[in-house]
Amino acid sequence: MNTNRLKKFAQAARRKLMEQVEARLEFVLTTDSVELREKTDQLKALREELNKTTREQLVEKVAYTWFNRLMALRFMDANDYQPLGIHIVSPKDGYTLPEILDEAKQGNIPGELKINRQKVFDLLDSRLSSSNPQNEAYKELLIATCNHLHRVFPFMFEHINDYTELLLPDDLTSEFSVVFDIREGMSTEDCRQVEIIGWLYQFYISEEKDKLINAKKRYKAHEIAPVTQLFTPDWIVRYMVDNTLGQYWKEARLNTKITNELEFYIKPIEESKLPKRQITSPEEITFFDPCVGSGHILCYAFDIFYKIYEEEGYNSSDIPELIITKNLYGIDIDDRAAQLAGFALMMKGRKYYRRFLKKNVQPNITAFQNIESDPRFLNAKIHGSLIQVEPSDIEKIRIDDTSLFTPRQKQHLLQASLLVRKYDLCVTNPPYMNSSYMEGTLKQFIEKNYPETKSDLFACLLMQVTQLTKPDGLIGFICPFVWMFIKSYEKLRSNIITNSTISSLIQLEYNAFEPACVPVCTFTLRNEYVEDYRGSYIKLSDFTGSENQPVKTLEAIQNPNCSWFYTANQKDFEKIPGCPIAYWVSKKTIGIFNKSQKLERYGDPRQGMATSDNKRFLRVWHEVKNNKKGLSYKNRKEASLSNKKWFPYNKGGAFRKWYGHQTYLVNWGNDGNEILEYASNLYGSPTRTIKSISEYFKTCLSWSKISNSAFSLRYFPNGFLFDVAGCCIFCQEESDMLQLLGILNSKPSNIILEILSPTLNYEAGTIREYPIIKDNYCLPEISIKDNVKISKSDWDCHETSWDFQLNELINNKTTENIEYAYESYEQYWKNKFFQLHKNEEELNKIFIEIYGLEEEFTPDVELKDITILQNELNRNELKNIKLQRNAETGLVASYEGIELPFNKSEVMHQFVSYAVGCMFGRYSLDKESLILANQGEILIDFVNKVKSKKIKEKSDISFMPDEDNIIPVLDDEWFEDDIAGRFNKFLKVTFGEQNFEKNLAFVEECLGKNIRKYSAKDFYNDHIRRYKKRPIYWMFSSPQGTFNALIYMHRYTPDTVSNILNGYLREYQEKLRTRKEFLIQVQSSTSTSAAEKNKAMKEQDKIEKQLMELQKYEREILYPLATDRVEIDLDDGVLVNYNKFGKAVKQVTGINDPKTKEKVKEFDWIDTSTIK
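For the sequence shown, position 195 (counting from the first letter as 1) is numbered 195 according to the numbering used here, and the numbering increases by one without interruption.
Check the hints yourself; a few may be wrong.
Stated by the list, open to error - Straight-line Cα separation of at most 27 Å, DSSO-like style, residue types lysine-lysine; simulated pairs: (1) K927 - K644; (2) K615 - K1112; (3) K1112 - K1017; (4) K1161 - K628; (5) K625 - K615; (6) K326 - K470; (7) K882 - K838; (8) K785 - K575.
What the hints assert, rightly or not - Label-pair ranges, simulated between beta-carbon atoms: (9) V551 - V420: 39 to 49 Å; (10) N880 - K1095: 30 to 40 Å; (11) D803 - D532: 50 to 60 Å; (12) K1161 - I782: 46 to 56 Å.
Treat the hints as calculated values from the structure; they're not laboratory data. Since the structure is predicted, the reported quantities are computational estimates derived from the model, not experimental observations. Where is the CB? At the ideal position from N, CA and C, for every residue including glycine.
Build the full structure now, drawing on both the sequences and the hints.
Now the structure itself:
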């Protein structure tokens, strides 16, 4: 089945039907015709429906109703299941029109149809006037067929007075009609599988569902159904049913052969502990899906029941009716899904018995309806199967509804009856919806009736399913796997561990169930506790891709000795804090929790603040004025007295150990007055989101709350505030801090944290529970301090650190040869890298022994997991380096002779970036660290800042910055002081004039291109990446990039744009005109060859186009901007300031592309009229 093709078809069909039904509705409501006067009852019903709902919802309902009907008709056509014995939407082989229409043209209309035959014949014989007689005749036949099928499928095909008839699209027979689309979209081969019904339903609603999810808002009542519907993958359905219904039958008939045929059946490890079931007939078994959807689970259960009845010797003609009437039950909040579920079951019956549709059998499937007279069911379409019904309620319904003959009364009793009985088997894929997305009615209902599982709908349904199932019944479930681990579901886990038995569980790989948008697990439960039972568990976490999940599951079932099949006694989970379903953990590892102290004894893990508006309150540190940045303050009082505005902010980050991720600043000026006031206005109290204020500015350890890889801990000196994503541990003693840093960055932490938080979401409460063993050892504090020192050196050697001093090639300079400096750099950092690697492995060995995990771990660390030199080393090549290890200790025997795969280009990019910084005066060769980093500083400020005993006059300065803060970046040498010219001068100053050519050659070899080409094509992109899309150098650029010039934002003044215009753009245009005149002379010269003339002509054409571009750039963009004399405020950040220059500056995705610009215009804390 080609699901991609089905998806395109279903989505297109929905759009077409919606459009055509809307057009038809407009016509019906605004037109007075004889035809419509004859249908007053339908018109009345239509207007009544419009009074109860919105026009949009009505159109949606009618569109899906006709889609369901046409899909059902096509399915029956393709399988020759039509009760009338004739195709309704499909043609006979070799024909194009629907068979029923072709037959009518021959004078044959099925006798069962209640239809005005004469009208049809008159239309087809042109005796009756019509603009499209064939189409009108087919419409009569189609409606009559739908009315006839009401007898067989009353849940899908309404009676003749149904208003949906009025809104049937006009075009039904052309190649552009939806009927034609249905035939083409549902191939005969696809229709061989009843699962097509479920797939088409999921795809039909997919665009609506995506739109709702992307809106990220609370869902309205009518939106809950489409947003929570998920078609369950076939293999998961088979797993759940095989291990519930299959297992149930195995316990009832020990000698059954059926379980041998069930591919996903997992044979219980401890079968002898399971009870034997006493049932006389399969007719006694009840199977319920409380969130039935389109019926996929019930359809597969039908197949297994059929095998069971066959094995018991039942007559094949009786089996389908028995299964549908006695065994299978289902309900849903979604009318359209329930329709399809009922239809799919009927098709199953027809598949097994050809005369089945003549038996007048109706499935036990319905959709919830709101019952105004009963408070329990007043909001039934919202609360669904979560409604709790007692036997006494049924009696009350019978008494209150003294006459149970109206459809509403029958529905009331039916849905109540389905929820009051206890089933042998409950199997379902429930809706997933976090409480933050629940509308008010649902949220209140959940909080009142399911207080322990109110976080998500699926958890509430799991609890309800245990109540809907008999005490000895079996349950099959699929849901997000967060319930297995996180704190908010601890009571749910405890309830299941105490009162149920986990028979089996499959944990899917993180992204394996894409439609769910969350990682999931599927499992089966026995609804009673079996003492000391060991359940079966399959862990698919290491197998990426949805296609691998069933394959690896089957491998595990067939070979339980494989590494991803586990058995576990669920009572062991209670020995772990929070009782996570940590089935993969050995008894020895679980024992760690009994012989350890919790981390909270040695440190205080804390969650940080949520600013509620990061764009307003956070900046990357280089965005703001250096003199408004407050570093290294020890407490709030010091910080407040400093009169600084911006303070270091720990916001977490990617996997990195020991030190780093010190990038952001937060506006905590005046002791956080602005941010606290903002939070108070939003929430009534600032402490709702501004957490742990008492711990701000203290020395700490920090980890990233959410990670896509292993846990990593970093040391933070005093001076930082911290974010909810950058959680911290605060210790009273430095020795405790160092010990925790070593323990949590060692290998045992991987397995322990996977137990405590397998979701890779490391909450402060989780870290608080970490088991610490400190007995009988001396921690090598020196190694841990060394690791911090090495990692800090690595962090600070990049100019994106606020403690950056000097570029590494200059720092490692020993001679006037840059290649030697590079070699010295490589050797220095190779030694540091291997020292860090050695330290980490030695620490691993120590902690593995302390925790008694020698059988679980070796101390080795892959080179790719050493977190310094992240960009300077090729991580893929690091994987291929083989290390020789000592057989006894497992540590590296020697690092001698091992070469690291350095990226020369990255090292040289850093050198060029530093050079540009010197060109603008951000750095100086005569003084380390930042020089010009406040707003609007000029050359005299630079001179004053670099003065020293050695530098007394301007003439003593080694390399002076650009005077006007404008550096042209062009593809040729049009200006003497352009970026390439200035770089060459910088290289001569740093590494001498004598070796300039050799040094330049090495630089360009590392870059992979000459310095001019790199500067013009790559430098700015590299700068954007290096500075996290918050560039400090801005590229003024004409639309086609003919003219480019860099400025340094900290030196920007309102005259800068005017200086670019007058000093560079106009001069550049003049130079181009001069070049153009020269080329004209070349072409007119008699001494010029034909080839030279042709070359000159092409260059002239190019220059003419460039001049047109630049003239327009000047006239429409740069000149108006220059006259505006734009002001910027660095406190507003790059995102705001860059967008003040409109199309004058280069467009960068994520900074000033149209989408980002619109978001900037929504900032309520700036003057948005300045955004161009």
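Comparing the hints with the structure gives:
A threshold of 27 Å between alpha carbons decides the hint, and for K927 with K644 the separation of about 24 Å falls inside it, so the pair holds. For the proposed pair K615 and K1112, the alpha carbon gap of about 34 Å is over 27 Å, so the pair is violated. Among the hinted pairs, K1112 with K1017 is consistent with the structure: their alpha-carbon atoms are about 23 Å apart, no more than 27 Å. Simply put, K1161 and K628 have alpha-carbon atoms about 26 Å apart, close enough for the 27 Å limit, and the pair holds.
With a C-alpha separation of about 17 Å, the suggested pair K625 and K615 falls inside the 27 Å cut-off, and the hint holds. Between the alpha carbons of K326 and K470 the distance comes to roughly 17 Å, so the proposed pair stays at or under 27 Å and holds. Distance hint between K882 and K838 is fulfilled; the C-alpha atoms sit about 15 Å from each other, no more than 27 Å. Proposed proximity of K785 and K575 is contradicted: the alpha carbons are some 35 Å apart, above 27 Å.
At about 42 Å, the beta-carbon gap between V551 and V420 stays in the expected band of 39 to 49 Å. Under the hint 30 to 40 Å, the C-beta atoms of N880 and K1095, about 49 Å apart, miss the expected range. Against the hinted window of 50 to 60 Å, the Cβ-Cβ separation of D803 and D532 comes to about 58 Å, which satisfies the hint. The hinted range of 46 to 56 Å is satisfied by K1161 and I782, whose Cβ atoms lie roughly 55 Å apart.
Of the numbered hints given earlier, the model fails hints 2, 8 and 10; all others are met.
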